[in-house]
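Novice: Residue numbers (my numbering), protein chains in the order written: chain A, 1 to 457; chain B, 1 to 457.
Bear in mind the hints are in silico, worked out from the structure with no lab data behind them. Please note that the accuracy of each hint is not assured.
Copies of the same chain are indistinguishable here, so a pair counts whether it falls within one copy or spans any two.
[As the list claims (entries may be wrong)] BS3-like cross-link-like pairs, simulated, lysine-lysine; straight-line CA separation at most 27 Å:
(1) Lys42 - Lys317
(2) Lys317 - Lys37
(3) Lys343 - Lys410
(4) Lys323 - Lys60
(5) Lys365 - Lys317
(6) Lys37 - Lys57
(7) Lys175 - Lys410
(8) Lys317 - Lys410
As a plain string of letters, each chain reads:
Number of protein chains: 2
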Amino acid sequence: MSLDAVLARIDSDLPAATDRLMELLRIQSISTDPAYKAECGKAADWLVADLQSLGAKAEKRPTPGHPMVVGHVEGDGPHLLFYGHYDVQPVDPLELWDRDPFDPAIEETDAGRVIRGRGASDDKGQLMTFIEACRAWKAEHGSLPCRITFFLEGEEESGSPSLVPFMEANRDELKADIALICDTGMFESRVPAITTMLRGLLGEDFTITGPSRDLHSGMYGGIAMNPIRVLTRIIAGLHDDTGRITLPGFYDGVPELSDEILSQWQGLGFDHASFLGDVGLKDPAGEQDRTPLEMIWSRPTCDVNGIWGGYTGDGFKTVLPSKASAKISFRLVGTQDPNAIRKSFRSYLEGQLPEGFSVEYRTEKGSPASQMSIDDPAFEKARQALSDEWPDTAAYIGCGGSIPIAGYFKTITDMDSMLIGFGKDDDQIHSPNEKYDMESFHKGTRSWARILDALTR
Amino acid sequence: MSLDAVLARIDSDLPAATDRLMELLRIQSISTDPAYKAECGKAADWLVADLQSLGAKAEKRPTPGHPMVVGHVEGDGPHLLFYGHYDVQPVDPLELWDRDPFDPAIEETDAGRVIRGRGASDDKGQLMTFIEACRAWKAEHGSLPCRITFFLEGEEESGSPSLVPFMEANRDELKADIALICDTGMFESRVPAITTMLRGLLGEDFTITGPSRDLHSGMYGGIAMNPIRVLTRIIAGLHDDTGRITLPGFYDGVPELSDEILSQWQGLGFDHASFLGDVGLKDPAGEQDRTPLEMIWSRPTCDVNGIWGGYTGDGFKTVLPSKASAKISFRLVGTQDPNAIRKSFRSYLEGQLPEGFSVEYRTEKGSPASQMSIDDPAFEKARQALSDEWPDTAAYIGCGGSIPIAGYFKTITDMDSMLIGFGKDDDQIHSPNEKYDMESFHKGTRSWARILDALTR
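Next comes chain A alone, as it looks inside the complex (with noise of 0.2 Å):
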């Protein structure tokens, strides 16, 4: 009854709420360019006000880099965390752009009205779905529902320098009883979705050396080893003929999936043919005995993201390089332990050396997977919520993807995350003519509604 009063509320002040999110647009805050810096302090000031506005005891909080922004509203029941990010990706190629990318508009477009601008998406869009249901909700009940804690970061674009520190000098302030993160999207844009499930990532960068300098192939070939041939051989090596990687305890800490979840993503209907298609691809490239979408979200993996060594310019130069380098990284899930992988990694690689050949390695930091655990029923509570607003029944799903925070919610506060999004797959978030959907803005703002009733009941 009251809830419904809130949605309709959500409904009429569409409008003002748009104009709110286009104020916001408005701010240049590109955190990685210095030029920009005083515009993500225009953003935060805009954000404490706002939240000020709801009654909450918000303030611009330094940092060495861009400021975060911390708001308080007490209350009873559950204690909430909302976190979302109000820096936004440069905006090159800017001749890509069909509008001034802060020169936000509402568009028509054959699949709807969209709201167009740098940020419209990620993150400021969907950050201002949650402060608008606040809004809503305060509206009709004069008050919050619950305690909530609003946590915006500043620098979410530029690799978050400041924010481990920030979390873990401001502990106890920051600690709540589940966290909500607004930086994530609908399955195929069409589920609602709760990701439960982050790969985490483990990177390595070396250089092989064989020869102590480059060598005449027509001088040396065939006799001296050539370090390409030793890393083609090293990195052939890491998968099997059925997709497996061959790494000794690699898959030590790899769960199986539940039965409940494999037939929750058997239900999503995932189209891998299409979704390979779309990118000239055919085949899935997975362990042979897995699904498409246990590849993506719950298996883990190694790709190589770069490799380089020898002659690559144009023309030939039968050069017997002294160095071959490469850039490795495994896609983690479960409880796969970065820093045992990374040992297992090198010890085989190191076995693989011929002797006088030697690996430098460039360290690169590794970070576990994250996986909620939804035996917690305010997960059961959000999906449920998420189900009645939307067309199709909301899902437990996994991420390809790193978001560091969620992982750092439980390490350093000890806290579960629910990754609720409402982005769409051609949202072209980091892209020219980035859009988010009115849709996604409007019953984003209505699933949120319907959630912190769902959890504060």
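Please build the complex by placing chain B on the supplied structure of chain A, with the hints as guidance.
Specialist: Just chain B now, with coordinates in the frame of chain A:
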């Protein structure tokens, strides 16, 4: 008697001869890079003028690429053709040079005086040994000892694209009794040598395309096949565990050595441990049932000269690249057919491509191996002349590299070639800090004077 005068003049003229070489070394005649086209022309002009100073009718002859320099001196007795090349290899990686590669200098080293600079050994220093021998001869005698044709190329380091058409178009002009080629080295930097066995060369420069665009490994990693993974598998599969090349039909036409040559080579006492140890290596990489000298002189090889794909800059980018590329070369021996091997390689490669993948070849010419018939008495005369100049007796040897010109002299102008050069193993040709020993330059010049004398006496 008259030879002694020529040798004495060579000795006294050495400083001036060195200055002339320095002038030539300062010209940046990198043939593979179009940015240096004018410099190649300049080197050709310099040589035309220098040959004219010897009384040759010399001119720069245009080709679709860099010009040829052709000069003629009339005379009686045998008609000799001398071949060298004025172009040089690129200089990268520039940061590994201890000096500007095109600002050559004489350096005192523990092993004696060296001329340091790109092209000092390959091939400007070498070609000038013959020209300086002619200069001294003319200074003493007023004319050269026989009819000589000079033929200097400017595209040797970039695959000689104009060579065959030019030779075919000027077959009669270039036909002599025998060709002298100065582009090889001394055996173990010590034994003067006539190279009578040259490996051929087949290059493949290609790009594999998988996904139609670069992908994010978070979204596609595990399901999308990575072209670098495909490429490394292709390359790793080219050799088996015993070092043998796996392409079907690859060893067709590879001859076994005669017992006589085998025992001559064994007599050379080649110290492969020190040959490899000098460049930081230990175990011979070739077929495990072959001797080290066979691996570099009489067995075919396969080497990767370059490989590249994905992100190769600083830091990490979790890209799953659309393309991966490599430059692969095969050294050929006996009657191995470059075209048949190209076909076999491409068929193997294409058989390894997943559906949806494609390959683009940037075709490189292939050249078969060459073997000289040392029955011509000129070979024995030259070998004696070399033995007179150096402490060690001269030997007939093989050469791992490919000097296609020797093959063309045979097939196009029906001439055998005497490959005589004074390069040393540590000359670092094709590498940073290339050098030519002053001893090579000086005694090389004296050697040619002795050979001219021996062939025309």
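Novice: Each hint: holds or not?
Specialist: Results for each hint:
1. Lys42 - Lys317: between (44 Å within a copy, 23 Å between copies)
2. Lys317 - Lys37: For Lys317 and Lys37, only the inter-copy Cα distance (18 Å) is at most 27 Å; the intra-copy one is 37 Å.
3. Lys343 - Lys410: within (25 Å within a copy, 57 Å between copies)
4. Lys323 - Lys60: Neither way: Lys323 and Lys60 sit 42 Å apart in one copy and 40 Å across, limit 27 Å.
5. Lys365 - Lys317: Result: close only across copies, 13 Å inter versus 36 Å intra.
6. Lys37 - Lys57: within (24 Å within a copy, 70 Å between copies)
7. Lys175 - Lys410: within (10 Å within a copy, 82 Å between copies)
8. Lys317 - Lys410: Classified as between: cross-chain Cα gap 25 Å, same-chain 52 Å, threshold 27 Å.
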